[in-house]
Amino acid sequence: MAVEMLAYIKKQSRVHELSGATKLIIFLCWSTAAMLTYDTWILLALLVISFVIFRLSKVKISEIRFVLMFILFFLLLNNIAIYLFSPQEGVKIYGTSHVLWEIAGRYNVTLEQLFYHFNITLKYFVVIPAALLFIVTTHPSEFASSLNRIGVPYKIAYSVSLTLRYIPDIQREFRTIAQAQQARGADLSKNEKLTKRIKNAAVIVMPLIFSSLERIEVISNAMELRGFGKKKKRTWYNATAFRRADYITIVTGVVLLILSLVITFYDGSRFYNPFY
Amino acid sequence: MKKPIVSFKDFTFKYRSQTEPSLTNINLTIYEGEKVLIVGPSGSGKSTLAHCINGLVPFAYKGDIAGSLTIKGMETKELDLFTLSKVVGTVMQDPDGQFIGLTVGEDIAFALENDAVANEQMKERVEQVAQLVNMENYLESSLHQLSGGQKQRVSLGGVMVDDVDVLLFDEPLANLDPATGKYSIALIDQIHKESNKTIIMIEHRLEDVLYRDVDRIIVVNDGEIVSDSTPDELLSSTVLLENNIREPLYIRAMKYAGCTITEAMKPAHPDTIEINKGKLQDWYEDRPHKELNESSSPILEVDNVTFAYDTGKTAIQDMSFTIHQGEMVSIVGQNGAGKSTVSKLIVGFEKVQRGRILYKGEDITSDSIHQRSERIGMVMQNPNQMISKHLIYDEVALGLVKRGIADNLIKERVEKILRICGLYPFRNWPISALSFGQKKRVTIASILVLEPEVLILDEPTAGQDFRHYTEIMEFLEDLNRRGITIIMITHDMHLMLEYTPRAIAIAQGKKIADDTAVNVLTNQAVIHATNLKVTSLFELAVRAEIADPGEFVARFIAYDREVRTWQ
Numbered sequence: 005m006a007v008e009m010l011a012y013i014k015k016q017s018r019v020h021e022l023s024g025a026t027k028l029i030i031f032l033c034w035s036t037a038a039m040l041t042y043d044t045w046i047l048l049a050l051l052v053i054s055f056v057i058f059r060l061s062k063v064k065i066s067e068i069r070f071v072l073m074f075i076l077f078f079l080l081l082n083n084i085a086i087y088l089f090s091p092q093e094g095v096k097i098y099g100t101s102h103v104l105w106e107i108a109g110r111y112n113v114t115l116e117q118l119f120y121h122f123n124i125t126l127k128y129f130v131v132i133p134a135a136l137l138f139i140v141t142t143h144p145s146e147f148a149s150s151l152n153r154i155g156v157p158y159k160i161a162y163s164v165s166l167t168l169r170y171i172p173d174i175q176r177e178f179r180t181i182a183q184a185q186q187a188r189g190a191d192l193s194k195n196e197k198l199t200k201r202i203k204n205a206a207v208i209v210m211p212l213i214f215s216s217l218e219r220i221e222v223i224s225n226a227m228e229l230r231g232f233g234k235k236k237k238r239t240w241y242n243a244t245a246f247r248r249a250d251y252i253t254i255v256t257g258v259v260l261l262i263l264s265l266v267i268t269f270y271d272g273s274r275f276y277n278p279f280y
Numbered sequence: 056m057k058k059p060i061v062s063f064k065d066f067t068f069k070y071r072s073q074t075e076p077s078l079t080n081i082n083l084t085i086y087e088g089e090k091v092l093i094v095g096p097s098g099s100g101k102s103t104l105a106h107c108i109n110g111l112v113p114f115a116y117k118g119d120i121a122g123s124l125t126i127k128g129m130e131t132k133e134l135d136l137f138t139l140s141k142v143v144g145t146v147m148q149d150p151d152g153q154f155i156g157l158t159v160g161e162d163i164a165f166a167l168e169n170d171a172v173a174n175e176q177m178k179e180r181v182e183q184v185a186q187l188v189n190m191e192n193y194l195e196s197s198l199h200q201l202s203g204g205q206k207q208r209v210s211l212g213g214v215m216v217d218d219v220d221v222l223l224f225d226e227p228l229a230n231l232d233p234a235t236g237k238y239s240i241a242l243i244d245q246i247h248k249e250s251n252k253t254i255i256m257i258e259h260r261l262e263d264v265l266y267r268d269v270d271r272i273i274v275v276n277d278g279e280i281v282s283d284s285t286p287d288e289l290l291s292s293t294v295l296l297e298n299n300i301r302e303p304l305y306i307r308a309m310k311y312a313g314c315t316i317t318e319a320m321k322p323a324h325p326d327t328i329e330i331n332k333g334k335l336q337d338w339y340e341d342r343p344h345k346e347l348n349e350s351s352s353p354i355l356e357v358d359n360v361t362f363a364y365d366t367g368k369t370a371i372q373d374m375s376f377t378i379h380q381g382e383m384v385s386i387v388g389q390n391g392a393g394k395s396t397v398s399k400l401i402v403g404f405e406k407v408q409r410g411r412i413l414y415k416g417e418d419i420t421s422d423s424i425h426q427r428s429e430r431i432g433m434v435m436q437n438p439n440q441m442i443s444k445h446l447i448y449d450e451v452a453l454g455l456v457k458r459g460i461a462d463n464l465i466k467e468r469v470e471k472i473l474r475i476c477g478l479y480p481f482r483n484w485p486i487s488a489l490s491f492g493q494k495k496r497v498t499i500a501s502i503l504v505l506e507p508e509v510l511i512l513d514e515p516t517a518g519q520d521f522r523h524y525t526e527i528m529e530f531l532e533d534l535n536r537r538g539i540t541i542i543m544i545t546h547d548m549h550l551m552l553e554y555t556p557r558a559i560a561i562a563q564g565k566k567i568a569d570d571t572a573v574n575v576l577t578n579q580a581v582i583h584a585t586n587l588k589v590t591s592l593f594e595l596a597v598r599a600e601i602a603d604p605g606e607f608v609a610r611f612i613a614y615d616r617e618v619r620t621w622q
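Those protein sequence lines, which keep their order, are chains A and D.
Going left to right, the first sequence walks through residues 5 to 280 as our numbering numbers them.
Going left to right, the second sequence walks through residues 56 to 622 as our numbering numbers them.
For the record, the hints were derived by calculation from the structure and aren't laboratory data.
Be aware that a few hints might be false.
[Said to hold, decoys possible] Subject to a maximum C-alpha distance of 16 Å in a straight line, what follows is the list of computed EDC-like cross-link-like pairs (lysine to aspartate or glutamate):
(1) D/K117 / A/E221
(2) A/K235 / D/E417
(3) D/K406 / D/D418
(4) D/K117 / A/E228
(5) A/K159 / D/D170
(6) A/K14 / D/E195
(7) A/K237 / D/D170
(8) D/K566 / D/E553
(9) A/K234 / D/D170
(10) A/K234 / D/E191
(11) D/K321 / D/E249
(12) D/K117 / D/E133
(13) D/K457 / A/E196
(14) D/K252 / D/D218
(15) D/K457 / A/E228
(16) D/K141 / D/D170
(17) D/K321 / D/E356
(18) A/K15 / D/E195
(19) A/K235 / D/E191
(20) D/K141 / A/D191
(21) A/K159 / A/E106
(22) D/K494 / D/E514
(23) A/K234 / D/D270
(24) A/K236 / D/D170
[What the hints assert, rightly or not] Some chain D residues well away from chain A (every beta-carbon gap over 12 Å; in silico):
(25) N82
(26) F114
(27) M129
(28) P150
(29) D151
(30) D170
(31) T293
(32) C314
(33) M435
(34) K444
Every residue, glycine too, gets a C-beta built ideally from N, C-alpha and C.
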């Protein structure tokens, strides 16, 4: 189901018009910048730009709600985990401790820790729009060609995109096989003990492998018969030629990345410290 | 004299994994612009022959070759798959499995992409080819949204984009409903006439292919060519009978009526064959009318059932029907009409949203899959989706083992079922050593061991040749005589006519007919809505001016069942 949620959303927008490769490059720049920096100002700037781009794409929040909720849930989990394992992380980083209130032992709430969490959350929000937009505004057929364009060998790029495409098919197949096995008594529902359920799931794997192998044989014969793998290079029907907008976008993206890295590492610390 | 394009000389091929050659001493020449049909039962070597022509043998399936095969004057074993694919274009069976692109344009372009054709030229060429197969308005459409006929056109386009000399169709009719099959044959014929390419078709559904002219029919059996003649010659000979290939039904009906089929009668088409009205009418009058058996008590009732998938599309709407104890019924309908959904609702794979399902009068709507499986068994189309054990015995025993039944009891029940299914001698064999038909039996046995009283089978004979088809169906009939009620989901019209007295037709999630199979198959409106087609028997009866053609069909089937002895 989640895979269908991450499907291409057809729209007419500036973001959709960009070539898949451009979006992939931007996504990579964007996430590198967001991963490396903890500079709050940079993150805020990137965040604002992210939101602007998101608006430009005309994709509605409601269309990606499921994935978004899923990621936000993860974000929450991540924040909780950080606090549980390292409640003094903020203090360690920023070197001061402004305690708001005590809880127990080393678990207290400090401004520093809160600020640290705020930064982590910001990072998520910077990366989320870029990642989602790359996925939902890139036509699946363009996926392989974009990978190929940034230097991934086309055979690998093709297998990645074929795999992605077959996931829904295999899910469907899994369901059918699971139902058939259930009818024969392999209970996969919660009525059964977990160990037994795992054991029962094993009887589904064999048929799934066999039917997938069958599928692979057919598709690989079909591909070979139509000349796949003949030459070192291939062209792509759906590759959109780089246009001015693409070049401008890529240059802007790279400049932003460099700029953010320069600012981040300029003073020798990746963190912006408001407590100093 | 025309130029030969494909030419086998004393050609023998043995797969590396096998001990016996799959093709022996093949001598066959196909000329430019010819339209040739290759027929033969499963395992006859006809698919291997096709693989030799398109190069999958020996380049993808390795083995030993003796003799020579030249295509367009080139010795194939000295070429490679890619060079060959520029001469021979292959349309494989099952278009769904072989689509590589996601949209029509992309799939047609695939071969050009691999040739590294520049983008602009590629678009232009795709446009041209799309026009050739009448798909130019669908270039951006997703392949999954197309109808069966459109899919065929796209796969044809994907092959023709290379401007090949030979078009090879590997079982183009498998998996197609009768109406789409008929359409495909017409399309192939049209392409042949317009492009004058050489056409080679591999198929065992002879009658369906003969819907349009072919120049020659080559019969393959046991790895050898047993006949090479025109359709008229072949149909007036005994070659088909000797090689387990089903004769067209109208030919058989004429033979029953005492006519001798000769080449001069032009037997290749039901509407051109010279018929003897008198003899057909006499035969018809002589045959008794057969009343259908009185129906027994209901075993399964589908009562006003409605169901929609998550996507919101209503799949089944207010459907009701009753199956009686001991019946053999077929459920027919176009792909996507809802026939598989109905069966899933009956066995509980999907949950009924409104309405009830009754088993012997008891409401089972809220029973789980597990509970229902002891009363109603479901056998899926592809046995590979069901088999999960290595040995036959274990596979059949699986359902009982999972139910925690005592070992000695399991042994007793499994052995009993294996005997009924004719699998007892093989009980310790690995399943992988079995043929498709035998695997099907194993899956049926693995369901029967749970002792259901109703058995639902999804396309039990799909892709089977006449002999395996008969084997499977006679086995099912035997089970039926033992008291098991059988429901079949199918679009095989022969199967409906021959084995299921009653048929339920479904279109767009609604029941549109529930009648005798003969009546369903002679009702134009139903035929149209379910993508079936009129049987040639009916056409023959009309031509013979028989008052009730439907009754003629019924009498033919009854008689055919009586006299046809298999081996």
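Status of the hints after comparison with the structure:
Restraint check: the Cα-Cα separation between D/K117 and A/E221 comes to about 14 Å, which is no more than 16 Å; the hinted pair holds. For the given pair, A/K235 sits about 65 Å from D/E417 by alpha-carbon distance, which is inconsistent with the 16 Å threshold. A C-alpha spacing of about 14 Å is found between D/K406 and D/D418, which places the hinted pair at or below 16 Å, so the restraint holds. Restraint check: the Cα-Cα separation between D/K117 and A/E228 comes to about 15 Å, which is no more than 16 Å; the hinted pair holds.
For the given pair, A/K159 sits about 14 Å from D/D170 by alpha-carbon distance, which is consistent with the 16 Å threshold. Proposed proximity of A/K14 and D/E195 is supported: the alpha carbons are some 12 Å apart, at most 16 Å. For the hint linking A/K237 to D/D170, the alpha-carbon distance of about 8 Å falls within 16 Å, and the restraint holds. Simply put, D/K566 and D/E553 have alpha-carbon atoms about 22 Å apart, too far for the 16 Å limit, and the pair is violated.
Under the criterion of a C-alpha separation no larger than 16 Å, the hint pairing A/K234 with D/D170 is consistent with the structure, at around 7 Å. This hinted pair does not check out: A/K234 and D/E191 have alpha carbons roughly 28 Å apart, beyond 16 Å. Proposed proximity of D/K321 and D/E249 is contradicted: the alpha carbons are some 25 Å apart, above 16 Å. Between D/K117 and D/E133 the alpha-carbon distance is near 14 Å, which keeps this suggested pair within the 16 Å criterion.
Between D/K457 and A/E196 the alpha-carbon distance is near 12 Å, which keeps this suggested pair within the 16 Å criterion. With a C-alpha separation of about 9 Å, the suggested pairing of D/K252 with D/D218 holds against the 16 Å cut-off. Annotation: proposed proximity of D/K457 to A/E228 is violated, straight-line Cα distance about 43 Å (limit 16 Å). For the suggested pair D/K141 and D/D170, the alpha carbons sit about 11 Å apart, so the restraint of at most 16 Å is met.
Between D/K321 and D/E356 the CA atoms are separated by roughly 49 Å; this puts the pair beyond 16 Å, and the hint is violated. A C-alpha spacing of about 14 Å is found between A/K15 and D/E195, which places the hinted pair at or below 16 Å, so the restraint holds. About 28 Å separates the Cα atoms of A/K235 and D/E191, which puts this hinted pair outside 16 Å; it is violated. With a CA separation close to 51 Å, the supplied pair D/K141 and A/D191 exceeds the 16 Å bound.
A threshold of 16 Å between alpha carbons decides the hint, and for A/K159 with A/E106 the separation of about 57 Å lies outside it, so the pair is violated. With a C-alpha separation of about 14 Å, the suggested pairing of D/K494 with D/E514 holds against the 16 Å cut-off. At most 16 Å may separate the alpha-carbon atoms for a hinted pair to count; A/K234 and D/D270 exceed this at roughly 35 Å. Between A/K236 and D/D170 the alpha-carbon distance is near 10 Å, which keeps this suggested pair within the 16 Å criterion.
Interface exclusion of D/N82 from chain A stands, the closest Cβ pair being 26 Å apart, more than 12 Å. The beta carbon of D/F114 is not kept farther than 12 Å from every beta carbon of chain A, the shortest such distance being approximately 8 Å. With a cut of 12 Å on Cβ distances, D/M129 stays outside the contact zone with chain A, its closest approach being about 17 Å. Not every CB of chain A lies more than 12 Å from the CB of D/P150, the least distance being 10 Å, so the non-interface label is violated.
For D/D151, the shortest C-beta to C-beta distance to chain A comes to about 9 Å, within the 12 Å cut-off, and the non-interface label is violated. Its beta-carbon lying about 6 Å from the closest one in chain A, D/D170 breaks the requirement of being farther than 12 Å from that chain. The claim that D/T293 lies off the interface holds: its Cβ sits roughly 36 Å from the closest Cβ of chain A, which is beyond the 12 Å cut-off. In this structure D/C314 is separated from chain A by more than 12 Å, as the shortest Cβ-Cβ distance comes to about 44 Å.
Non-interface status of D/M435 relative to chain A is broken: a Cβ of that chain comes within 12 Å, the nearest being about 6 Å off. D/K444, annotated as away from the interface, has a beta carbon of chain A within 12 Å; the closest lies near 8 Å.
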